[in-house]
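A.B. asks: Given the coordinates of chain A, assemble chain B onto it according to the supplied hints.
Protein chains in written order, with numbering that gives the first Met the number 0: chain A, 0 to 279; chain B, 0 to 283.
Derived by calculation from the structure, the hints in this document are not laboratory data. Keep in mind that the hints are not guaranteed to be accurate.
Unchecked claim - List time: in silico SDA-like cross-link candidates among lysine to any residue, alpha-carbon distance up to 25 Å:
no.	chain 1	residue 1	chain 2	residue 2
1	A	K100	A	N128
2	B	K43	A	L143
3	A	K244	B	K96
4	A	K244	B	Q225
5	B	K96	A	C81
6	A	K244	B	E130
7	B	K96	A	L143
8	B	K96	A	R6
9	A	K100	B	I244
10	A	K244	B	G52
Said to hold, decoys possible - Between beta-carbon pairs, the in silico distance windows are:
no.	chain 1	residue 1	chain 2	residue 2	range
11	B	F45	A	K50	27 to 37 Å
12	B	M68	A	V138	22 to 32 Å
13	B	Y178	A	L17	35 to 45 Å
Ideal placement from N, C-alpha and C gives every residue a C-beta, glycine not left out.
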Amino acid sequence: MSSNSSRRRWPLLLPPLLWQLTFFLLPLLFLFVISFWSVVNFRLEPDMTLKNWDFMLSRSSFWSAYGHTWSLALGAAVVTTCCSFPAACSLAFTVSERTRKLALMFLVVPFFTSYLVRVYSWQAFLADNGIVNALLALVGLDGLPMLNSDFGSLVGYVTLALPLVTLVQTMGLAQIDRNLIEAAHNLRAGPVRTLFEVIMPLAKPSLVVGALFAFILAFGDFVAPTYLGGGAPPTLSNLIIDTTKSGQQWPRAAVVAIVMILTLVVTSLAAVRLAYGRRK
Amino acid sequence: MMLRLGRWFGWAYTGYTFLFILAPIAASLVFSFNADRFPSLPLKGFTTEWYGGTFTDPLVIEAFQRSVMVSIPVALLSTILGFCAAYCDFRFDFRGKSLFSLLMLLPPTIPAVIMGLGMLSYLSRMSLAGEVWAVLISHVVIALPFAMAMIRLRLAQMDSALEEASWNLRASPAQTLWYVVLPFCKQSLVAAFLITAAVSFDEFAVAWFVSGLNETVPVRVLVFLQGQVSPVINAIGTAVFTSSIFLVAIGMAFSGMGKAKRAAAEAPAQPAAGALVSNNGLSL
Numbered sequence: 000m001s002s003n004s005s006r007r008r009w010p011l012l013l014p015p016l017l018w019q020l021t022f023f024l025l026p027l028l029f030l031f032v033i034s035f036w037s038v039v040n041f042r043l044e045p046d047m048t049l050k051n052w053d054f055m056l057s058r059s060s061f062w063s064a065y066g067h068t069w070s071l072a073l074g075a076a077v078v079t080t081c082c083s084f085p086a087a088c089s090l091a092f093t094v095s096e097r098t099r100k101l102a103l104m105f106l107v108v109p110f111f112t113s114y115l116v117r118v119y120s121w122q123a124f125l126a127d128n129g130i131v132n133a134l135l136a137l138v139g140l141d142g143l144p145m146l147n148s149d150f151g152s153l154v155g156y157v158t159l160a161l162p163l164v165t166l167v168q169t170m171g172l173a174q175i176d177r178n179l180i181e182a183a184h185n186l187r188a189g190p191v192r193t194l195f196e197v198i199m200p201l202a203k204p205s206l207v208v209g210a211l212f213a214f215i216l217a218f219g220d221f222v223a224p225t226y227l228g229g230g231a232p233p234t235l236s237n238l239i240i241d242t243t244k245s246g247q248q249w250p251r252a253a254v255v256a257i258v259m260i261l262t263l264v265v266t267s268l269a270a271v272r273l274a275y276g277r278r279k
Numbered sequence: 000m001m002l003r004l005g006r007w008f009g010w011a012y013t014g015y016t017f018l019f020i021l022a023p024i025a026a027s028l029v030f031s032f033n034a035d036r037f038p039s040l041p042l043k044g045f046t047t048e049w050y051g052g053t054f055t056d057p058l059v060i061e062a063f064q065r066s067v068m069v070s071i072p073v074a075l076l077s078t079i080l081g082f083c084a085a086y087c088d089f090r091f092d093f094r095g096k097s098l099f100s101l102l103m104l105l106p107p108t109i110p111a112v113i114m115g116l117g118m119l120s121y122l123s124r125m126s127l128a129g130e131v132w133a134v135l136i137s138h139v140v141i142a143l144p145f146a147m148a149m150i151r152l153r154l155a156q157m158d159s160a161l162e163e164a165s166w167n168l169r170a171s172p173a174q175t176l177w178y179v180v181l182p183f184c185k186q187s188l189v190a191a192f193l194i195t196a197a198v199s200f201d202e203f204a205v206a207w208f209v210s211g212l213n214e215t216v217p218v219r220v221l222v223f224l225q226g227q228v229s230p231v232i233n234a235i236g237t238a239v240f241t242s243s244i245f246l247v248a249i250g251m252a253f254s255g256m257g258k259a260k261r262a263a264a265e266a267p268a269q270p271a272a273g274a275l276v277s278n279n280g281l282s283l
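Extracted from the complex, chain A is given alone in its bound form (with noise of 0.2 Å):
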């Protein structure tokens, strides 16, 4: 029989297998390669040089890009985060299932809109004489400079993640078992306590995933920085981009591409344990 399954899985097997081997893992594997290769008149030739790296990790450009995205990222994440958790814990536990249903479609919606068209839509309202300050001066309110800064690459990343953070969070919380939370509510602890001490720790997995995908989409997007930020300073998104469109120099690239993998594997790693290990 096992062999007998073995000879009918493989038809199946290969073709999805051989593709992402052949066209993910692999050229993620060259750029690992090509960070040791070097440019010569704008072309490309095999070598095994660490210039690339030396060139990179030496500038203290490159470490503050770093900087700026971790903080940019790490802030998205928790941002977004505590945005979402009210309005989770309200789909979850204070609306109909139907209703629940209708409202978690809604957030689906946003996934099959371009982002470019919401990013360049929130330019218009947070520009200088965007909506948001028209709105501000109604109320007699002086404007504020929203576009090109950081608290404008902040929008574009929670535009991004706010939806799916959201789903992730109302599906984590609305599996909490009630009687638990009735039985909080029995032993006369407060809503706070209760919200504290029962509903967070068990809706804490979807807490943390939900906080780690903020965390990715944000530390690899780079429109909201660009488009939103004022792409200055750089982040590291930024930094790829710059480096492989104008100056062809795909090692240098790479290099920075291999930080971001490295930064995100550990970062997942973490989370992952931080989300299941340590279980009572």
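C.D. replies: Structure of chain B alone, referenced to chain A:
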């Protein structure tokens, strides 16, 4: 009293969250008909000038044709490969299976700039960079996981006795696959086809890296965005949004939303992760 107040506050807050999510989409719709070149208030009057300009721009038309030409084979290939991967994950146990599934599902978590750079450097060694083929290949890599996830969810609803019965009746594994499993998954296959088409139609970053002069629609939008203020973006955005919502709505109808709704009344919430997951709910 406190609780009721909290509840109302929660609903109001949720309303604002949805406002935040939908505001840019709505604004782009409104500004696409606004006579002012610059997207600002107050509105200047109604015009369809931007739509007219969009649909007569040869670059946009070419990009649109290219996007369609790419997204259909992408949807077809990713649905087929996604089905194979989902069925392997569902039916077989083998060493390294979790690695296999990880490899299949990982691509959407890799930042698009990194995928773009990787694809560009790798495919240019194969003399494919700058060709439409490069966009097609990259989009299958990105879209396959979505197809696999959707089909895998449907397979989870299949009673394994169904296949066993078919084998007992002397159908070969291939016949069982063709006459039993595939018909069972039919709706999710259609849904996966439409949604992977939408994914490809919307993807701009990797396409921007590898497409060279062969721009697709979202790459054209990115080029507009890099240039000056352009109300054309709103017009394209609204047109694309309308058509992809249409595709997705059909996709969801096929993936059995109706059944899920009925079952939802009896069944507890389904443990699931990911965007498309919630729509499959429980059926059977």
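A.B. asks: None of the hints should be skipped; say for each whether it holds.
C.D. replies: Consistency of the hints with the structure:
no.	hint	in the structure
1	A:K100 to A:N128	violated (38 Å)
2	B:K43 to A:L143	holds (24 Å)
3	A:K244 to B:K96	violated (38 Å)
4	A:K244 to B:Q225	holds (14 Å)
5	B:K96 to A:C81	violated (36 Å)
6	A:K244 to B:E130	holds (17 Å)
7	B:K96 to A:L143	violated (54 Å)
8	B:K96 to A:R6	holds (16 Å)
9	A:K100 to B:I244	holds (17 Å)
10	A:K244 to B:G52	violated (29 Å)
11	B:F45 to A:K50: 27 to 37 Å	violated (59 Å)
12	B:M68 to A:V138: 22 to 32 Å	violated (51 Å)
13	B:Y178 to A:L17: 35 to 45 Å	violated (27 Å)
Violation of the numbered hints given earlier is confined to hints 1, 3, 5, 7, 10, 11, 12, 13; the remaining hints are satisfied by the structure.
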